[in-house]
Amino acid sequence: HLLECILEVDYTGDVPSFSDGDHDNVIISQNVMYEHQALHVNYTMYNLYWEQDTINPHTHADIMLLSHKTDNLCHPYWYAHVIQIFHVNVQYYGDNHSSDEMQWMNMLFVQWFGHASDRPRGSGFAAHWPYQVGFIPKDDLDAFGFLDPDLVICGVHLIPAFSLGQTTEYLGPSFI
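In our numbering, the protein residues as written are 1 to 176.
In short, the hints are calculated from the structure, not lab data. Glycine is no exception: its CB is placed at the ideal position from the N, C-alpha and C atoms.
Label-pair restraints from in silico Cβ distances:
#1 ALA161 / ASP10: 30 to 38 angstroms
#2 LYS69 / ALA161: 19 to 27 angstroms
#3 TYR49 / TYR131: 19 to 27 angstroms
#4 GLN103 / GLY145: 17 to 25 angstroms
#5 TYR77 / GLY21: 30 to 38 angstroms
#6 LEU151 / ASN56: 17 to 25 angstroms
Modelling step: build the complete structure from the supplied sequences, incorporating the hints.
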């Protein structure tokens, strides 16, 4: 995530490949990640009023961001659950780009939601059935990741579907 921001690589949702040398050129000041308790997201509502959501990993942690998939059949938004909010002071010494000063970089550690597509007639407005999301299984390499807070559109309130039952399949014991 840090290299994407430093080298100004556009976020597409796919993890770009960087060389070991690129990774070695990132210097995190004192090897410290500073944790924050909340993130404030400003957004414009449908009636052109401005609103602000407070994202707190302990109480209001679900977020929405614009999907970067161009397929018309794909859902236009991605959803994630914020686990922690950080900032780091970082410096980069590379061939193509280097900085003399430390840069303050914000980041979110998230667990991604995937869209449930097991309904035979689909979901969404045309199907008259709400979209459903669920955690991606923890064994999937893309289940967790770092995200730039600037990509967050707003916080969301997801309503659990208790009628579908409970499972421990998607999230095991905490590794934090």
